[in-house]
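Q: Sequence:
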Amino acid sequence: MLYPVPGGVFTSYSAAIAGRKNIQIDFIIGKGEIGLGRGETRRGLLEASLTLEASLSLTVFIFAVIILAMPMEMLDTQRKIQTVLETTARELSQYAYIFYRRTEGEELRDTAGTDSLVTAELFAEGAVRAFLEVKIREAAGPGRISGLDLSGTEIMKNGEEIYLRAKYRLMLPFRVFVLDSVPAASVSFKRGWIGSEGGRNSQGGAEADKSERMVFIGRTGTRYHLSPDCHYISNDISSLDYDTVKDKLSSSQSHYKPCSICGSAAVSGTTVYIMPNGKYFHSRPDCTSIAYYVKKVPLSEVEHLGACSYCGTFHTPPQASGRVGDCAI
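In the working numbering, the protein residues as written are 1 to 329.
In short, the hints are calculated from the structure, not lab data. Treat each hint with caution, since some may be false.
Heads up, simulated BS3-like pairs for lysine-lysine below, C-alpha to C-alpha not over 27 Å straight-line [stated by the list, open to error]:
1) LYS190 / LYS295
2) LYS257 / LYS246
3) LYS157 / LYS167
4) LYS246 / LYS295
5) LYS279 / LYS246
6) LYS279 / LYS296
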């Protein structure tokens, strides 16, 4: 029942519980005058209802959403920290050449005066750790991590490796009993760009590298070569007019044929490109058949292929020129 009172309206609710007792709850639900006639409105009266189940369900739903979103936020924080480590390690690996050459006692040129800065400051582990701490906290955001530890960071300990390690705790948005954070770690490992072959500190070391001979093979080669300047895998490109190439002979005394890749573009009045030991002329100096891929490998890996008939037996290998060709055997 509704009862008008000064300043509001009381509603009275009575109910029998299990046929034993009646419970009556009175509370103010609105303000204003109450009309008693049929069809009259109760001005100022708001009707609403809320069950205990609905209130609990909403609370549980909000709590579940937070629980599901929490791992994604933590992973995003860890991703940001990993990005800082990767970026810093890459920059350090680029400057490692200057650091390495200075420790070897070599004179550096064209470094624009940055070598002393790199050695004294950039590669000091304390400076790197201080830099990382600032960058990591900025990337993670306030209140996201705690207990940041960068003591595992090592810079050029063995002359070439850069190892950045950050240990920290990811903060939870709310405490679960006594747990308010979870442990995590991010690591970035890079090798300095020092211009040396890799694996120098592996088992066997440099002694094994020195004792084994290195040879060269082409992309589709069936023989190994003692020199990258062997005429079967080297390039000695020369240019001439298309109208004169038909009279030009290669070192094997044969006429040049158009390249199957770019030869169709060569017409009268254009320039073509040939190699003394090649069989084809090209309309472009960067034709893929000219830019042949040659790699340096240990002899033990390709010994089964057999040596080149030219440089493997009779020819003394000259100094490498870095030019490679389109007719490897």
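Q: Return the numbers of the hints above that this structure violates; sort them in rising order.
A: Checked against the structure, the only hint that fails is number 4, while the rest are satisfied.
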